[in-house]
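Undergrad: The whole structure should be built from the sequences, with the hints applied where relevant.
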Amino acid sequence: MNYGTKTDMDNFTIIMEFFLMEYSSIREVQVLHAVLFLLIYMGALMGNFLSITAIVTDSHLHSPMYFFLSNLSLLDVGYISVTLPKFIVNSLTKSQTISLLGCAFQIFFLTFFAATEIALLVSMSYDRFVAICQPLHYEIIMTPSRCFCMATSSWLTGCVYSALHTGNMFRLPFSGSNVIHQFFCDIPHVLKVSSSEVCDTEYVLLASSATLLLFCFVFLIISYTYIFSTVLKMPSVEGRYKALSTCSPQLIIFILFALAGVISVLGPLSDTSPIQNLLIAMTYTILPPFMNPIIYSLRNTKIKITVWRIIKKVIFPKN
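The numbers in UniProt numbering rise by one with no breaks, and the one at position 169 of the sequence shown is 169.
These aren't lab readings, by the way, just hints derived from the structure by calculation.
Check before you lean on any hint, since a few could be wrong.
[To be verified] Just the calculated beta-carbon pair ranges, DEER-fashion:
no., residue 1, residue 2, range
1, S145, V179, 45 to 51 Å
2, S177, R240, 53 to 59 Å
3, Y226, C149, 38 to 44 Å
The beta carbon of each residue, even a glycine, is placed where N, CA and C say it ideally should be.
TA: Have a look at this one:
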């Protein structure tokens, strides 16, 4: 089987297809992987879609905080759908290949959803800052049009950022190894089989990304410093608990996402086993979208009440 096309001008093969890492050659283990990740995928979809449905259908949840939360759930659905379905299909069909176009597709959308989520978390922290530190001006500042602009800016930021990375990585043909030591295409592993010119440019982009991520982190730290100082001054214990319960999940999600991003970049720099590669990948492709509904949405009393109401209507439609 030929996985490249010979050129007449150069004596090398241009890569048109990649081999993804096979974590086990035992058929039973492959099927077990497929079933396990299918359950995780279905759980993530169900949790996020329930959150979106609850927020859209309940008029009491039509506020800026829940508007941003519905965007976060939508991002998580897309984020986990970029990699897991392909891995599940590959495990069941014993196929470990992905086309060049499919690889570019995975990198673009994985980076797009990740960058958009980070930008959205910054917007959500600003929303909580205004709600807790400037409650009397909240409705004046966080108008529907402003919330829409903040969410749209987050999505556009992710799109531009992803286009820069994807355009740079695939502007030159691949002519080296066509083996990617991961179950999907991500930037660090694809860089290993890229040309030196592409790598040099990509490292500059990654350095810029680290600077932007640091800026976001500093903004969050400043916002939450003001938030926590305001919360501690509240006379009511119930008020302090309510305020912390609405903002702390966002900080947890951001820290989880940032740590996962660092692991994704530093992990491939060292020689790791297939199982270690799988565990590293799970921390930033599967864990955040699976845990976000649990950390945020399904711990929220208002959303839980609406979700149970929806479930009862589906199971007992006549009641």
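Undergrad: If a hint holds in the structure, say so; if it doesn't, say that too.
TA: Structure-based check of all given hints:
no.: 1; hint: S145 x V179: 45 to 51 Å; verdict: holds (50 Å)
no.: 2; hint: S177 x R240: 53 to 59 Å; verdict: holds (56 Å)
no.: 3; hint: Y226 x C149: 38 to 44 Å; verdict: violated (23 Å)
Checked against the numbered hints above, the structure breaks only hint 3 and satisfies the rest.
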